[in-house]
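Each chain, written out:
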Amino acid sequence: MAGGGLTSLGAYAVTRRSPLAAAALVGGYLIYRGAAGYCPVSDTLGLPTLSAPSEPLQVERSVTINRSAADLYAFWRNLENLSRFMQHLEVVRVQGPTRSHWVASAPGGTVVEWDAEIVEERENELIAWCSLPGSQVDTAGSVRFHPATGGRGTVVTARLEYVLPAGRFGATVAKVFGKAPEQQMREVLRRFKSIIEAGEAPTTAGQPSCREEER
Amino acid sequence: MRALCWFGKEDVRVDTVPDPTILNPRDAIVKITTTAICGSDLHLYDGFIPTMEPGDILGHEFMGEVMEAGVGVKNLKPGDRVVVPFTISCGRCFFCERQLWSLCDNSNPNAWMPELLYGFSPAGLYGYSHMMGGYAGGQAQYARVPYADVGPIKVPSGLRDEQVLFLSDIFPTGYQAAESCGIQPGDTVAVWGCGPVGQLAIKSAFLLGAERVIAIDRVPERLHLAEREGRAETIDYSQPEADVVEQLKEMTGGRGPDACIDAVGLEAHGTTLDAYYDRAQASVAAQLRPLARAPAGDPGLPQGRGRLHPGGVRRVRGQVPARSGVQQGPDPPDGPDPCAALPAAAAGAD
Chain A
3 MAGGGLTSLG
13 AYAVTRRSPL
23 AAAALVGGYL
33 IYRGAAGYCP
43 VSDTLGLPTL
53 SAPSEPLQVE
63 RSVTINRSAA
73 DLYAFWRNLE
83 NLSRFMQHLE
93 VVRVQGPTRS
103 HWVASAPGGT
113 VVEWDAEIVE
123 ERENELIAWC
133 SLPGSQVDTA
143 GSVRFHPATG
153 GRGTVVTARL
163 EYVLPAGRFG
173 ATVAKVFGKA
183 PEQQMREVLR
193 RFKSIIEAGE
203 APTTAGQPSC
213 REEER
Chain B
320 MRALCWFGKE
330 DVRVDTVPDP
340 TILNPRDAIV
350 KITTTAICGS
360 DLHLYDGFIP
370 TMEPGDILGH
380 EFMGEVMEAG
390 VGVKNLKPGD
400 RVVVPFTISC
410 GRCFFCERQL
420 WSLCDNSNPN
430 AWMPELLYGF
440 SPAGLYGYSH
450 MMGGYAGGQA
460 QYARVPYADV
470 GPIKVPSGLR
480 DEQVLFLSDI
490 FPTGYQAAES
500 CGIQPGDTVA
510 VWGCGPVGQL
520 AIKSAFLLGA
530 ERVIAIDRVP
540 ERLHLAEREG
550 RAETIDYSQP
560 EADVVEQLKE
570 MTGGRGPDAC
580 IDAVGLEAHG
590 TTLDAYYDRA
600 QASVAAQLRP
610 LARAPAGDPG
620 LPQGRGRLHP
630 GGVRRVRGQV
640 PARSGVQQGP
650 DPPDGPDPCA
660 ALPAAAAGAD
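Chain order of the listed sequences is A and B.
By this note's numbering, the letter at position 22 of the first sequence is numbered 24, and the numbering carries on one by one without gaps.
By this note's numbering, the letter at position 181 of the second sequence is numbered 500, and the numbering carries on one by one without gaps.
Any given hint could turn out to be false.
With the Cβ distance kept under 10 Å, some of the chain B side facing chain A (calculated, not the full set) [as the list claims (entries may be wrong)]:
1. 336
2. 454
3. 465
4. 466
Calculated directly from the structure, the hints in this document are not laboratory data.
If you're wondering where the values come from, they're calculated on a predicted model, not measured in any experiment.
Glycine included, every Cβ here is placed at the ideal spot set by N, Cα and C.
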């Protein structure tokens, strides 16, 4: 724990100065793990799936939010809200009852776009989506909502899956970032929770200090 | 504006920085009229708190006048006088709804840092390291107050700043310590440390029904204040013949105090073996930030090390939910002047 803390705090100076850049970097990494033709979510849900060219990266995290499942479901089901708390996303455009177009920023300012389809939904319980065959990236996600004990809000479990690109690039990126996708997922859920509960995500970006770059 | 900025260990300076602005809908900007230096600011000054950055604005005990309120703040308007509790709280999460404001789930934008170091993140704090949110502090002419519809306490006209400023931190902190003791009529409470928190813990212990309070320190002025203003009996642990545990036992007919309050915390001084061990450890650790720790506790206080179990001691600790302390503390809005009895000499620095 202490060692992990030290290592992470070592990276702190970089991320603190440019949290958006850091988020984009990690988000971009997730996106670049895409390959073609596999829908990991279908696999999870026991739906028909295409053959996987390599092991998909799977990230799953839970958070408890002090609101009803119905409120959370409604917010998430409007996929255009996703870019408010998934900071690597530029925009998600809803194009139909289940179809959407996603635009993300990747490292180096590259923009990555793909179309996705909602493949499963149960009102106030579950939403699952998957990128369409032929997309630039191969990614899938799901979010589940279930009531916490004693009426203490709703447990939200989000899962994202990506397939690593083949070759040296994928391996290098995977090495550099290690467990960052899990941390990224924590931050996504934390931000979702803050926006839903407090109406805004906490920030200090733009506050005064006696540092040259902020004067 | 002018603000007190941290540049490194034992290096803080007043400098010119930009004025704060509204960044989120629930923000307000407060023009500071009075602020204090907290004992815990000394830990920043002495370099014990990790994730400080040169240029950070210090200060978490402040009050003033609302200059501007964000569109999400309906209960404050320009001109309102407010005391700002040092813990930043959203008011709507699980913990805030239970008035555990210092555990707010949503107010720390850098929550991942304490999560890595401690397992969980507490609420964000003003001017107290990036691990605690990196918020600019209030030892400045102006401050930005997030979730301003929750934290700030409106000050009724007729009360001077000096009468209410302590509601920002040290009064609720001392009060929580006493409240945590579960004081019963007839109880004797021992208070280690007679700085501002200790003085207010003494007062709070009496307010909550203690029959006797025994205060321990080594600074003559503080011991004198504890006796004069706090009506406490005192032990000067720096006296050559002092043996705090034995004296406490003797003063209580062999039974010992019913409750003990550690109002010292970090960077304690002491004369026991434990105290010297802590100090040695801290002086080494201080070179190895960010995991520095400082001596905690003080001579004779049963901090652990095998003493809690045989005594059946129940130990309670935690950051004060400052806003809650205010609401539940001896400070009814329509009651008597809440701070009239406070020791004026405790104002300002620890």
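Now the hints, each set against the structure:
{"no.": "1", "hint": "336", "result": "holds, 4 Å"}
{"no.": "2", "hint": "454", "result": "holds, 6 Å"}
{"no.": "3", "hint": "465", "result": "holds, 7 Å"}
{"no.": "4", "hint": "466", "result": "holds, 7 Å"}
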